[in-house]
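Chain by chain, the residues run as shown.
Protein chains: 4
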Amino acid sequence: MNEPYIRLLYQPDLENPTLICGLPGLGNVGKIAAHLLTESTKAKLFTELYSPSFPDYVLIDDEGICRPPRYEFYASETQDRDLIILTGDVQPPMEDILAHYEVCGKVLDFVADYGCRFIVTLGGAMESKPEKEIYVAATSQKIAQDFTEKGAAIYKGERIIGASGILLGLAKERGIDGVCLLGSTRGLTVDKDSAFHLYKFLVRILEINI
Amino acid sequence: MNEPYIRLLYQPDLENPTLICGLPGLGNVGKIAAHLLTESTKAKLFTELYSPSFPDYVLIDDEGICRPPRYEFYASETQDRDLIILTGDVQPPMEDILAHYEVCGKVLDFVADYGCRFIVTLGGAMESKPEKEIYVAATSQKIAQDFTEKGAAIYKGERIIGASGILLGLAKERGIDGVCLLGSTRGLTVDKDSAFHLYKFLVRILEINI
Amino acid sequence: MNEPYIRLLYQPDLENPTLICGLPGLGNVGKIAAHLLTESTKAKLFTELYSPSFPDYVLIDDEGICRPPRYEFYASETQDRDLIILTGDVQPPMEDILAHYEVCGKVLDFVADYGCRFIVTLGGAMESKPEKEIYVAATSQKIAQDFTEKGAAIYKGERIIGASGILLGLAKERGIDGVCLLGSTRGLTVDKDSAFHLYKFLVRILEINI
Amino acid sequence: MNEPYIRLLYQPDLENPTLICGLPGLGNVGKIAAHLLTESTKAKLFTELYSPSFPDYVLIDDEGICRPPRYEFYASETQDRDLIILTGDVQPPMEDILAHYEVCGKVLDFVADYGCRFIVTLGGAMESKPEKEIYVAATSQKIAQDFTEKGAAIYKGERIIGASGILLGLAKERGIDGVCLLGSTRGLTVDKDSAFHLYKFLVRILEINI
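Chains as they are written, first to last, in our numbering: chain A, 8 to 217; chain B, 8 to 217; chain C, 8 to 217; chain D, 8 to 217.
Among the clues, some could well be false.
Same chains, same label: a pair holds when it works inside one copy or across any pair of copies.
Using 27 Å as the maximum straight-line C-alpha spacing, the simulated DSSO-like pairs for lysine-lysine come out as follows [stated by the list, open to error]:
(1) K179 / K113
(2) K149 / K136
(3) K199 / K157
(4) K113 / K199
(5) K136 / K49
(6) K51 / K149
To be clear, the hints were calculated from the coordinates, so they are not data collected in a lab.
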C-alpha cells in the first residue's frame with residue numbers, strides 16, 4: 008500500500024449528497040458531532056478509506072480482532088437531503104503535510120463521484136472561556152452570510168488546520184462550495200457539550216428529521 | 008535503490024507455507040523466538056530484502072566485512088507444515104510510516120507468491136510484572152478463539168505498533184488470515200525467557216517436530 | 008493534489024520579463040518590497056501557485072472566506088521592462104528540502120515560458136546594527152560587479168537560505184542569470200524601513216517609472 | 008529538480024578507474040584526505056552532481072557568486088591506475104535515509120559507466136585517544152586481509168554511517184568490491200593530522216606517484 012485506497016462495502020443510492028466531515032481534533036468536537044449525526048440519521052457504513060500515512064499500528068478491539076486505522080464513510084438516504092458522513096480513527100500526523108493534501112484530495116474525488124456539491128467540515132475552536140458559540144468559515148461570502156443569519160459567527164481565527172481546513176480549501180479549488188463549522192471549546196479534554204451543541208446546530212441548518 | 012527489493016538466493020519448494028515473522032522489537036522477544044524456530048527447524052536462508060528506508064549505515068562483522076541491514080527469509084521444508092520465517096536486523100524508523108506500509112506490503116506480495124494463506128507475527132507485550140503469558144490478536148474472532156483455547160489470552164492493549172501489527176492489518180485487507188502472538192515482558196532489556204516461552208508455544212500450536 | 012500546480016487567471020502580454028521574487032522571510036523585507044513594487048507598478052495578479060508542501064491549513068479573511076496558502080504572480084506590462092512579481096503567503100517548511108527545490112523548479116518552468124532571462128530575488132540580511140545596506144549575490148562575477156557599481160555591497164554571508172537562494176541556484180543551472188538583493192535588518196520583527204530601502208534601490212536599478 | 012542529476016563538464020579518458028570517496032564527516036578526515044589526493048594527482052573536475060536532498064541554500068563565495076551545494080568528481084588520468092575522486096560540500100541530512108540511498112545509487116551508476124570495479128571510501132573513526140591508526144572494513148574477507156597486511160586494522164565499530172558505509176554496502180550488492188578506510192580521530196574539530204595520515208596510507212596502497 009503506497010497510497011490511500013478506498014474499499015466500497017456497498018453502493019448506496021445517493022443524489023447530490025452533502026458531505027459532513029467530523030474527524031478527530033480539538034476536543035474531539037467534530038468527530039463526536041459527526042457520530043451523533045450518524046446515529047440519529049441511522050446512516051450506514053458503506054466505504055472505508057485506508058492510507059499509508061495513517062499511523063503504523065493496528066487497532067485491537069475487546070475480542071482481540073485487529074484492523075488498520077481508517078476513515079469511514081456513512082450514507083444517509085432517508086432524509087430529504089442525502090448525506091455522506093465522514094469520520095475516522097485518526098488524521099495523518101501534523102507534520103506530514105503532503106499526506107493531508109493527498110488524503111483530502113482522495114476524499115473529494117470519492118464524494119464528487121456521487122455528485123456532491125457542498126461540504127460541511129466540523130471541528131473545535133479553542134477559547135479560554137467558550138460560550139457555546141458556533142463559528143463559520145466558508146468558500147464564499149454569500150455562504151458565510153447564510154450561516155451567520157442562521158446564528159453562526161464569522162470565525163476570527165486566522166487559519167483552520169487539518170482536514171477541516173484543507174478539505175474546504177481543496178473543495179474551493181475544484182468549484183465545490185462548503186463551510187467549516189467550529190464549536191467553541193477549551194479543547195483540553197473531550198468536549199461532549201460543545202459537540203452536542205454543534206450537532207444540534209447542524210441538524211437545524213440541514214433541516215434533518217430526527 | 009529507491010524502493011525495497013528482494014534478492015532470491017535459491018528457490019525453495021514450499022506448499023502454502025505459513026509466514027512466521029519475528030523482527031527486532033520490545034525485549035527482542037519476537038526476533039529471538041523466530042531465531043530459535045529457524046535453528047530448531049533447520050530452516051535455510053533463501054531470500055534477502057533490502058530497503059532504502061532501513062538505516063543509512065552498513066553493519067560490520069568481526070572480520071571487517073560490511074553489508075547493508077536487511078530482512079531475511081528462511082524456508083523450512085522438512086515439516087508437515089511448510090514455513091517461511093522472516094527475521095531481520097532492523098525495522099524502518101518509527102516515524103517513517105509510509106516505509107512500514109511499503110516494506111510490509113512487499114513482504115506480503117512475496118509470500119503470497121508461494122501461496123501463503125496464514126501469517127503469525129511475534130512480539131513482546133510490555134508488563135510491569137510479566138507472568139509468562141502469551142497474548143493474541145487476530146484477523147477474525149474465530150481465529151482469536153482458536154488460540155485462546157490453546158492457552159493464549161486476548162490482548163487487551165489497544166494497538167500493536169510496527170511490523171507485527173501492520174503485517175496483520177495489511178494481510179487482513181488482502182484476505183489473508185493471521186495472528187499476532189505477544190510474549191509478556193518488561194521489555195527493558197533483551198528478554199530471552201519470554202522469547203523461549205513464546206517459541207515453545209509456537210512449536211506446540213504449529214505442531215512442529217523438533 | 009500531489010504536486011505544485013499553477014492556476015492561470017489571465018494571459019498577460021509579457022516580453023522577456025524580469026522575475027522579481029519577494030517571499031516571506033527575515034524581517035519580511037523581501038515580501039514587503041515586492042508588495043510595494045506591485046502597488047507602484049499597478050501590477051495585476053495573473054497566476055496562482057498551490058502546493059501540497061505549503062502548510063496544511065486554510066487562511067480565513069475578515070469575512071470568513073477561506074483559501075489555501077499560495078504563491079501569487081503579478082504582471083507589470085506598463086514599464087519599458089516587463090516584470091513578473093512573485094510573492095506569497097508562505098514558504099515550504101524549512102526542513103522540507105525537496106519541496107523547496109520542487110516549488111522553485113516549478114516557478115522557473117513557469118517564468119521561462121514567458122521568455123524570462125533574468126531574476127531578482129529579495130530578502131533580508133541579518134545584522135546586529137543594520138545600516139541600510141543592500142547586499143548582492145549573483146550568478147556571475149560580471150553581474151555582481153554591475154550591482155556593486157550601482158551601490159550594493161558583496162554579500163559576505165556564506166549562504167542564502169530558502170527560495171531567494173534556491174531560485175538563484177536553480178536559475179544558474181538552467182542558464183538564467185540573476186541576483187539576490189538583501190536589505191540589512193535586525194530581522195527580529197517586520198522591518199518596513201529596510202523593505203522600503205530595498206524597494207527604492209530596486210526601482211532605481213530597474214529604471215521603473217513610478 | 009526532483010531527483011539527483013549529473014552535469015558532465017568534460018569526458019575524461021578513464022580505464023576501469025578506482026573510485027575514491029571523501030565527503031564531509033567526522034573530523035572532516037575523509038574530505039581533507041580526498042582533497043590532498045586531488046591536489047597531488049592533479050586530478051581535474053569533470054562532473055558535478057546536484058540533488059534536491061542537499062540543503063536548501065546556495066553557497067556564496069568571496070566575490071558574491073552563488074551556486075547550489077554539490078558533489079564533485081575529479082578525474083586522475085596520469086597514474087598507472089586511473090582514479091575518480093569524489094568529494095563535495097555536504098551530505099544529505101542524517102535523517103533523510105532515502106536520500107542517502109538515492110544519491111549513493113546515482114554515484115555508483117555514474118562510476119559503473121566508466122568501468123569502475125573497486126571503490127575506496129574515506130572517513131574518520133572516533134576514538135578518545137586516537138593513535139594514528141587506519142581502520143578497514145571491506146566487501147569481502149580477502150580484501151579486508153589484503154589491507155590488514157598493508158598496515159590497517161580491522162574496524163571494530165559495529166557500523167559505518169553515511170555515504171562511506173552506504174556506498175560500500177550498495178557496491179557490494181552490485182558486485183563491485185571495495186573498502187572503507189577510517190583514520191582515527193577525536194572528531195571534535197577538523198583533524199588535518201588524521202587526514203594527512205590517511206592520505207599517506209592511501210597513496211602507498213594505491214601506489215601513486217606524487
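Status of the hints after comparison with the structure:
1. Both within a single protomer and between protomers do K179 and K113 lie at most 27 Å apart by alpha-carbon distance, with minima of 15 Å and 22 Å respectively.
2. Taking CA atoms no more than 27 Å apart as the test, K149 paired with K136 passes in neither setting, with 29 Å inside one copy and 50 Å between copies.
3. Taking identical chains as interchangeable, the C-alpha atoms of K199 and K157 lie at most 27 Å apart only when both belong to the same chain, with a minimum of 22 Å there against 42 Å between chains.
4. Taking the shortest alpha-carbon separations for K113 and K199, neither the intra-copy value of 29 Å nor the inter-copy value of 42 Å comes in at or below 27 Å.
5. With identical chains, the CA atoms of K136 and K49 are never at most 27 Å apart, being 34 Å at best within one copy and 45 Å at best between copies.
6. Taking the closest pair of Cα atoms, K51 and K149 come within 27 Å of each other only across two copies (25 Å); inside a single copy the shortest separation is 32 Å, beyond that limit.
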